[in-house]
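Colleague: Note that the protein sequences, when read in sequence, are chains B and V. Everything in the first sequence is counted per the working numbering, starting at 47 for the first residue and increasing by one. Everything in the second sequence is counted per the working numbering, starting at 67 for the first residue and increasing by one.
Just so you know, the hints here were simulated from the structure itself, not pulled from any lab data. Watch out, some of these pointers could steer you wrong.
As the list claims (entries may be wrong) - With a straight-line Cα cutoff of 27 angstroms, these simulated BS3-like cross-link-like pairs (lysine-lysine) come out:
1. Lys271(V) to Lys360(V)
2. Lys420(V) to Lys284(B)
3. Lys234(V) to Lys265(V)
4. Lys131(B) to Lys416(V)
5. Lys362(B) to Lys353(V)
6. Lys420(V) to Lys87(B)
7. Lys411(V) to Lys142(B)
8. Lys234(V) to Lys87(B)
9. Lys360(V) to Lys362(B)
10. Lys362(B) to Lys421(V)
11. Lys362(B) to Lys234(V)
12. Lys362(B) to Lys265(V)
13. Lys279(B) to Lys377(V)
14. Lys217(B) to Lys264(B)
15. Lys416(V) to Lys382(B)
What the hints assert, rightly or not - Stretch-level coverage of chain B by chain V, calculated; a stretch enters the list once three of its residues show a Cβ under 8 angstroms from a Cβ in chain V:
16. 135-146
17. 350-363
As the list claims (entries may be wrong) - Which residues of chain B face chain V? A partial, calculated answer using Cβ under 10 angstroms:
18. Gly159
19. Leu227
20. Glu228
21. Cys230
22. Ala323
23. Leu325
24. Arg329
25. Asn330
26. His367
27. Asp369
28. Phe371
29. Val372
30. Asn378
Glycine included, each C-beta is placed from N, C-alpha and C at the ideal position.
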Amino acid sequence: MIRYSRTYDFFRVWRRFSFNSTESITNHTFRTNECSPINHKIDHNGRFYSISESVKKQLFAGGGLPKEYQSLSETLNGLCIMVRKPAIELIHYLNKTNFDAPVLRYVLYGRTGVGKSLSLAHIIHYGSCAGFVLVHVPWVPKWFQYVKVATPSSVQSNKYDQPIEAVEWLKHFSTQNGPLLEKCELKATTTYTWSKREVTAEGSPLSELIDLGLNRAKYATGCIVALLDELKKAATNKQCRVLVVIDGFNSFFSPVSKVIREDKSMVLASEFLLTDAFLSLTRNDWNNGAVVVSIDPLAYPPELRESPLPRYQLGKTGFEHLDPFVPIEVQNYSDKEFRSQIDYYIERNWLQQPKAHTDNGRAELSFTSGNHPYSLMRLVAPY
Amino acid sequence: MSAIVNLRVFRNFQQFVSIRPISNYPTSFSKNAEIQKVEEEEEFRSLDLSPNKSLNVRSFGRKLYKRAVVPPPRSHKMPVDQDWPSVWPVPRTFHPASVPLPLNQGWVNPGATPPGKFANAELMKIPNFLHLTPPAIERQCKALKKFCTEWPKELNTTEKIDHHFPIKIITSDYLHSSPSLRDARARIVTLQLKLSTLKLDSHAKDKLLRLVKERYNPETDMLTIVSERCPLRKQNLDYAMYLLNVLVSESRVRPNNFAKQQLHIVCVLCANRAEFIPKTEPWENEKCEADMEKYVWEGSQSQRTLEQLLKRMPDREKAQDLPEVIEQYSRNVTHFHNEGEDAEKVNAYKESVKKLLGLNA
């Protein structure tokens, strides 16, 4: 990405100052004042709702928003997410889920850049509002493609750990769910012995387990495994509701990995302990929760990106793992969504070209970007 | 041959062509008196064994070779209504003087006329069918007709022929004029059979296909057995039939249905058995899902997970349409794996899952 150029910084700063006067306008047709995702219905389709800074800090501090969108939201003074069909559909399903039944798995799929991650962000906000314990993996390929250190596991001898990534994730988990976990008072159901001196006793709160993982990177992966296991049990015992949100889920089934052993052989995703833990969580052998995953061609190496459809992306193993799941397609902008997106850019003074107000200008933008959200974002950006 | 070489060399130098005719055949523009004389002769040409010396020797004692007199092309003298099959009765390389057609062939720069038929190697290279003109074919068919028997009236459609004679035997006869009448290739027997005529069940078909391997063509459903290991055709034919017998009886699970079989020989073989035991090899039980030719929902992982899921589903027994929903779901999953996916199939799958999980209400 070439975004961090000097010109770009200049534009960002300049624009941030340039629209302070227009900050108060919030009741345009392309906006909605309904800021709680629980109430989002089909009426809100194509409208933007804003997420407050504190919520953003709580939910997306450790990732969850695409990097470019994150920086754009900073530039545009406030995070706004468009309420789109896939998210509405998902919220509709989640609202009427029977939580006594085994968890349902929802799979968001679509081409790269159509807004799967943002739909997931919307769902995370929903989960946080609806009182779910969030188990959120911002981007799975990070664990396998860009892993910093992989060590043989301290828990299971034939598996591998990613201590740094595990600590990061535990941190992310605790920021997302800290207050909720305290309220739920979840306790460990078994005693976990990490070493001679480090023991998580039965009945100790889960935050202790998390703290141990945060302080002792060596056991962080083991802590995640234990934590997810405890959450599953707690959900089944109706102590809390768990919403599992995983972005780039197909990476768990990727046949290629960047982690190389000394003898030049690949450490596949299936050989990591984290994979086992999260695959166990996405099985439907528990209830009182929901699983929302997204599959993205980008989570696969470049030679395996022929089709964005779920069977190709998940492969046979992945498909059978999730089956039966509800596939939800995320598509390009519809006309209404496109119009509202342009309106949003204009209102934020991000799109200052006068022709953008005209129908011809919009038609040209629509044609050039092909209504593809990411392409449009790149197209209207001044850098 | 020299004429051809000349042509190749001088093709780019048109002036050479104009100075010296490269063919032995004179063109119609440069007929000289001598040729005129030859043309008038109706008798056979005679071979001059003692040529007149004075013609060959010049006064200053140097030998001069006289070119042989070349008669004009035969095609000039051909009548319009001649019997062409007797002029060109058998396959033969193109000969310009015998073919009364104004042919041109060969690559030239665009705009120029391709070289004519004389000394044209291009025309000689390509196979011609001048011996297979429609009258020639008709004449040969007429000559062969007296050796043929009449076609059975009842077998008037291909379907009937295929139904009554499912096995096709292909052999070849070779005729040539050589000291021996025999040709080793005549022993080869090809047996062809549509697999659907055997009426095999899925297990038997699977096993048969594994046994015959590449001899089966799935596009035409044709099984082809070529037998050439025995020295005589009769032996090869017997061997091919034997192979077919063995293949079918090996692959059958429930040979009870054999009696209904069209294949006479198969019936004869199996009638000897007092009791028909299902024939399964010990290795057949080892076939797992990865060895399947295509995805079968029954017994698959998908079915197992679904059963487990339904067990743990609260109040799913109340639903009346469960079997249909499961049926639809299984069909969609199978389509997914067997036919590859597209947006339509994903949507169909989604709908069936929604019905299954009670999300539709």
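Colleague: Are the hints correct? Go through all of them and say.
Modeller: Results for each hint:
With a C-alpha separation of about 14 angstroms, the suggested pairing of lysine 271(V) with lysine 360(V) holds against the 27 angstroms cut-off. Between the alpha carbons of lysine 420(V) and lysine 284(B) the distance comes to roughly 25 angstroms, so the proposed pair stays at or under 27 angstroms and holds. Proximity of lysine 234(V) to lysine 265(V) is assessed by CA-CA distance (about 17 angstroms); at most 27 angstroms being required, the pair is judged to hold. Of the supplied pair hints, the one linking lysine 131(B) and lysine 416(V) holds, its CA atoms being roughly 16 angstroms apart against a limit of 27 angstroms.
About 18 angstroms separates the Cα atoms of lysine 362(B) and lysine 353(V), which keeps this hinted pair within 27 angstroms; it holds. Taking the CA atoms of lysine 420(V) and lysine 87(B), the gap is near 19 angstroms; set against the 27 angstroms cutoff, the hint holds. A hinted pair counts as satisfied when its Cα atoms are at most 27 angstroms apart, and lysine 411(V) with lysine 142(B) qualifies at roughly 26 angstroms. The straight-line distance between the Cα atoms of lysine 234(V) and lysine 87(B) is roughly 68 angstroms, outside the 27 angstroms bound, and the hint therefore fails.
The hinted pair formed by lysine 360(V) and lysine 362(B) meets the criterion: a straight-line CA distance of about 13 angstroms does not exceed 27 angstroms. Using a Cα cut-off of 27 angstroms, the hinted pair lysine 362(B) and lysine 421(V) holds, with the two alpha carbons roughly 23 angstroms apart. Between lysine 362(B) and lysine 234(V) the CA atoms are separated by roughly 42 angstroms; this puts the pair beyond 27 angstroms, and the hint is violated. In summary, the hint linking lysine 362(B) to lysine 265(V) is not supported, as the alpha carbons are separated by about 33 angstroms, beyond the 27 angstroms threshold.
Distance check on the hinted pair: lysine 279(B) and lysine 377(V) sit about 19 angstroms apart at the alpha-carbon level, within 27 angstroms; holds. Distance check on the hinted pair: lysine 217(B) and lysine 264(B) sit about 15 angstroms apart at the alpha-carbon level, within 27 angstroms; holds. With a C-alpha separation of about 25 angstroms, the suggested pair lysine 416(V) and lysine 382(B) falls inside the 27 angstroms cut-off, and the hint holds. A stretch counts as covered by a chain when three or more of its residues have a beta carbon under 8 angstroms from one of that chain; for the region 135-146 of chain B and chain V the count is 4, and the coverage holds.
For the region 350-363 of chain B, the stated coverage by chain V holds: 6 residues have a C-beta nearer than 8 angstroms to a C-beta of that chain, and at least 3 were required. Taken as an interface hint, glycine 159(B) does not check out: its beta carbon lies about 18 angstroms from the nearest beta carbon of chain V, beyond 10 angstroms. Taking 10 angstroms as the C-beta cut-off, the interface hint given for leucine 227(B) is violated, the closest approach to chain V being about 27 angstroms. Because the smallest distance between the Cβ of glutamate 228(B) and any Cβ of chain V comes to about 31 angstroms, over 10 angstroms, the interface hint for this residue is violated.
Hint status for cysteine 230(B) relative to chain V: violated, with the closest Cβ pair at about 24 angstroms, above 10 angstroms. Interface hint status for alanine 323(B): violated, as the beta-carbon distance to the closest one in chain V is roughly 20 angstroms, over 10 angstroms. The beta carbon of leucine 325(B) is not positioned within 10 angstroms of any beta carbon in chain V (closest approach about 14 angstroms), and the interface hint is therefore violated. With 10 angstroms as the threshold, the beta carbon of arginine 329(B) comes within range of chain V, its nearest partner Cβ sitting at about 9 angstroms, so the hint holds.
Of the supplied interface hints, the one on asparagine 330(B) holds, with its beta-carbon coming within about 6 angstroms of a beta-carbon of chain V, less than 10 angstroms. Proximity of histidine 367(B) to chain V holds as hinted, the smallest CB-CB distance being about 9 angstroms (cut-off 10 angstroms). For aspartate 369(B), the shortest C-beta to C-beta distance to chain V is roughly 5 angstroms, which falls under 10 angstroms, so the interface hint holds. Restraint check, phenylalanine 371(B) versus chain V: the minimum CB separation of about 7 angstroms is within 10 angstroms; hint holds.
Interface hint status for valine 372(B): upheld, as the beta-carbon distance to the closest one in chain V is roughly 5 angstroms, under 10 angstroms. Taking 10 angstroms as the C-beta cut-off, the interface hint given for asparagine 378(B) is violated, the closest approach to chain V being about 13 angstroms.
Going through the hint list in order, the structure does not satisfy hints 8, 11, 12, 18, 19, 20, 21, 22, 23, 30.
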